[in-house]
Each structure stands twice: as C-alpha cells, then as structure tokens.
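Each chain, letter by letter, is given below.
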Amino acid sequence: MDLDLFLQFLTNGVVMGVFYALSALGLTLIFGLMRVVNFAHGEFYMLGGVTGWFVTSYLGLDFFSGLALVAVAMAAFGWLVDRFLIERVRGQGEEPGILLTIGLSIFLVNATLLVVGPAPMKVAGAVAEGPLFFGPIAVTKLRLIAVGVGIALIAGAHLIIRKTRLGAAMRATFQDPMAASLAGIRTGNVYAATFALGCTLAALSGMLLGSIYSAQASVGGLISLKSFVVVILGGMGSFAGAIAGGLLLGIAEAFWGGYVATGMVDVVGFVLVILILLFRPQGLFSIRAERA
Amino acid sequence: MTLLSESPAVMAADAPTVLTVDGLHVSYGSTAALHGVSLDVRAGETVALIGANGAGKSTTLRAISGILKARSGSITWDGKPIANLPPDRIVAAGIAHCPEERHVWPHMTVEENIMLGAYLCRSRSEVQRRAGMAFHRFPRLRERAKQLAGTLSGGEQQMLAIARALMSEPRLLMLDEPSLGLSPKMADEVFDVVRSINAHGVTVLLVEQNIHNALSVASRAYVVKTGRIAASRPAAELRDDPDLLRAYLGG
Numbered sequence: 001m002d003l004d005l006f007l008q009f010l011t012n013g014v015v016m017g018v019f020y021a022l023s024a025l026g027l028t029l030i031f032g033l034m035r036v037v038n039f040a041h042g043e044f045y046m047l048g049g050v051t052g053w054f055v056t057s058y059l060g061l062d063f064f065s066g067l068a069l070v071a072v073a074m075a076a077f078g079w080l081v082d083r084f085l086i087e088r089v090r091g092q093g094e095e096p097g098i099l100l101t102i103g104l105s106i107f108l109v110n111a112t113l114l115v116v117g118p119a120p121m122k123v124a125g126a127v128a129e130g131p132l133f134f135g136p137i138a139v140t141k142l143r144l145i146a147v148g149v150g151i152a153l154i155a156g157a158h159l160i161i162r163k164t165r166l167g168a169a170m171r172a173t174f175q176d177p178m179a180a181s182l183a184g185i186r187t188g189n190v191y192a193a194t195f196a197l198g199c200t201l202a203a204l205s206g207m208l209l210g211s212i213y214s215a216q217a218s219v220g221g222l223i224s225l226k227s228f229v230v231v232i233l234g235g236m237g238s239f240a241g242a243i244a245g246g247l248l249l250g251i252a253e254a255f256w257g258g259y260v261a262t263g264m265v266d267v268v269g270f271v272l273v274i275l276i277l278l279f280r281p282q283g284l285f286s287i288r289a290e291r292a
Numbered sequence: 001m002t003l004l005s006e007s008p009a010v011m012a013a014d015a016p017t018v019l020t021v022d023g024l025h026v027s028y029g030s031t032a033a034l035h036g037v038s039l040d041v042r043a044g045e046t047v048a049l050i051g052a053n054g055a056g057k058s059t060t061l062r063a064i065s066g067i068l069k070a071r072s073g074s075i076t077w078d079g080k081p082i083a084n085l086p087p088d089r090i091v092a093a094g095i096a097h098c099p100e101e102r103h104v105w106p107h108m109t110v111e112e113n114i115m116l117g118a119y120l121c122r123s124r125s126e127v128q129r130r131a132g133m134a135f136h137r138f139p140r141l142r143e144r145a146k147q148l149a150g151t152l153s154g155g156e157q158q159m160l161a162i163a164r165a166l167m168s169e170p171r172l173l174m175l176d177e178p179s180l181g182l183s184p185k186m187a188d189e190v191f192d193v194v195r196s197i198n199a200h201g202v203t204v205l206l207v208e209q210n211i212h213n214a215l216s217v218a219s220r221a222y223v224v225k226t227g228r229i230a231a232s233r234p235a236a237e238l239r240d241d242p243d244l245l246r247a248y249l250g251g
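If you're matching them up, the sequences are chains A and W in order.
Going by full-length UniProt numbering, the first residue of the first sequence is number 1, and it counts up by one from there.
Going by full-length UniProt numbering, the first residue of the second sequence is number 1, and it counts up by one from there.
In isolation and in its complexed conformation, chain A is listed as follows:
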C-alpha cells in the first residue's frame, strides 16, 4: 500500500541519514569548529572504505576487528595530516586551507587509484545478507547492524566531546585558544586530536557504507559536498545540527528517489541548502544555541 511504501522510503532515508550524519559530524568538527574548509573530507570517507576493504576482504579480518583497526589507522592519519599540513596554514584565514585540502584530496584520490585501482571494492559485512521484516518494512540485517554501529559511534563522539578532559580542552580551545593556552592546554594537540576525530568519523562512515554498497576511489567529491550540505543545514559546529541535517538529507533523498526521480537524487541536498541559506542562513541549529 501507499503507506507501506512511505514507511519503507522513510526507513531507507533514516538508514542513509545515519551515515550522512556520521560523516558530517566529522566535518562539523573540522569545518565548524576548527574552521578548516576541508575539501579532502570525502577522501577520508573513501579511505575508510578502501582500507576497510583491505583489512576485511584482503587481510581477512572480521568486520569489527577491521573497524577498530581502520579507526586507529585513520585517527593516526588525521593526526599526522593536521600536525604536518594543516598546522602550517592555521590562523591564516580560509583560503590557504582550501587550497591545501583540495591538493590533498587530489593526491589521495590518485594515490588510491594507483595502489588499488578504480574498481568498486566490497567491505566484508558483519553478517550475511538477508532481510528482516518489521511489519511492512524490510531492512537487511547488514544495514541494521551498520546503522547500530553508526549510532554507537555518534554517541561515542558525543561522550568524548561532552564528558572527557579532551572534550573540555576542545571546547576551551575553540571558544578561546589563547585562554586555553594560558590554562595549560596544549592547543596544538587539541587541534590535531579534533582533526583526527573528524577524519575517523568520516572514515568509519565510509567503511560502514562500503559494507552495504561498495568503496571506490572516486566517491570522495560527492561525499565532501554532501557533508558540507549537512553541516550547513544543521548549523556550523553544531553536534545536534549535524545529526538532524544528516537525517533530513537522507530522508529527503529517499523520498525524492522514491516518488520523483531516481536519477537526480544528488540534486536534493543542494536544493535544501539553497532553501536554508535563503530562509535560515545560520542553519537549523544555530551555533549560538548549541556549540559542540
């Protein structure tokens, strides 16, 4: 029936929305708080998928060990990118960071093409394929688990920011870096840790989605743009906004694809951004109200 179809689209939208939210959460840390306009964000996502393929399908690790390994590797990667690249342009306005991350994204895409080639790569899933039925709605077990992991990661990131010493140092550093330094916070480490966390969230989103669909070297550009869409929808630097924006984009795309035209799904996000910029330019959740 029509209602059944509606619920199915809604479910599909929420599933995609969780991954958009996860990736955008990473970007809201890097772009919203650190003010680095990170055009390599989609490549971090892509690298998560590709390294996820490498550790599961190639090395044969099980999904969750692979996920942990990818998390550690991408956190280290993000830390190094910040310490050796981003740090050089910190405090110099946005343009140097844009050029730097565009260059980094081109490098990462081509390095990946060189090493593993352009073909789609499947991340070995946590469970076998097979649908579960909730009334009229069908969801594969794989998706359900991936969504569960995604939600757990979002909750984990929230706990890090809200409850830990590192989280307090992050909030202090982004509200007033000089005051943070004077309190004894090593702001350089805080920036690097934040960048590493943002990078890891994008990468894990990429690995989770790579287990449902596939990972591919060329996917990054579109993911970067969609992550920016979500961050702008939700409000720069807003944790709740990234989640709401991600879900909104996922659901809007699912409805558009279901009811209007599957071919132009990627347009939806940009239409939403134009509408938001026209009617509520500070985003759904303004940074004044809630800053991560």
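Be a bit skeptical, because a hint or two may be false.
[What the hints assert, rightly or not] Dumping the calculated EDC-like pairs for lysine to aspartate or glutamate here, alpha-carbon to alpha-carbon at most 16 Å: (1) W:Lys146 x W:Glu101; (2) W:Lys80 x W:Glu112; (3) W:Lys146 x W:Glu112; (4) A:Lys163 x W:Glu111; (5) A:Lys163 x W:Glu112; (6) A:Lys122 x A:Asp176.
Quick caveat, the hints were computed from the structure, so don't treat them as lab data.
Starting from the known structure of chain A, arrange chain W on it as the hints suggest.
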C-alpha cells in the same frame, strides 16, 4: 627614628628575586615590539608595569607566559631559563597569566571556566578543593556558578578570569589591565582582590592603564616606553611626585 616599616614593599626588598627578564626582544612579524626589556620581580612583591598604550607592557607579559616568542634575551624563573617554553610548561612552573579583556570561555558555565583553570591538575579532589577556595573568595561567582560566562557583567568576568588564573595555584600572578572597562567602584573591588591575593603570598606582576590604581597596589613600578624600560621606582615615590610621573609618561 624607625627606618623599617612593616609595609610589604620594604619586607619584599630582602626577598629573593624570583623572576628576571633580561634584554628581552619580541617582534610581531617584522615589527619589533620590545627592544630589550629588563626587569626583576622579588618574591611577595606587587610590581606594576605602567606606560602608554602600545608601549609593550602586554607584550612583555605575553612573552613571559610563552604565548609570544622571545627573539632574544632571557627570562629566568626560580633560577631556570624559561624563555620560549610552551605556555603549559610556564603554567606548570607556577606562573599564571590573566590576559587583557578577560578571555573567559563565553559558552561555558562559570563553574566550567573555573574547573578548567586547573587543567594541569590531574587530581579531581584537588581541583574540587581549589574550586571551593575560588568560590569562597568570590561569593558572587558561586551564585552564578551555572550561568554561562558570556552572560556575566564585565566586573564579574574579570573576577572569573582572576579566579580561573588562581586555579593553577600560581606563585606569580600576571594581571593584564584588570580594571579595563570597569566602573570605578568595580575597579576598586578588583584591586582589593589583588591586594588580598598578594597578602596570601602570591607575587603579582600587574599591567595597568589606570596609573593611580596601579601605584596604590604596587610596591614598585617600571615605566615602559616604546618597548624599553624608561625607569624603575618605588611606587610611593611616583605616587607622591606627579611631576616625575608626568616626565616619565610624557603626559
């Protein structure tokens, strides 16, 4: 005739020197801001840096606390060189810097601001003890503990900034323009606090535009002029001799 009075200024005269700045040069980019500042601070003193806007008073404090790099010259604390150490090492060594314009974290509560002042202290109970002392010293902050720091009045923010700086339990507290933008009544309160902090044994290095207030709280003063020390005098001498003061400050 008694030569010795019980004033802290005289008592501190025999105290050991804790901070020595010698020939300090600091630049912002290619623009030199300090051209060889030299000063020293003895344990238990309150020393004021006075001088016109842009003379280099704040720059001197920022170089001591490690926010700015010293191009040359030395800074010695407790006999150890500390120039160009990162700010967290300076805080750990016992020097706290309460910056100009307060710089509280506006989107955090008063309590969070205070607790983070003891960031380097790993013991939760010790942080609680210090926060208790801070709230005891500043009862108004206790009333506002759950309020966002950005919503406080200027005077309350200054008290918060001082309370936060004290959370590292410094032996030297550097205060930059603590009365800036405050009403005269509020400024008096702030200087009462500075006196009481000093009376509790914390050495104070004070930068202040309000020369009358600065000289009323300090035992000695350095006059800073275009990146150099133009004079060093007991505060009372400058306070009682407006002509001398005017000569130094070029006012």
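Which of the numbered hints above does this structure break? 1, 2 and 6
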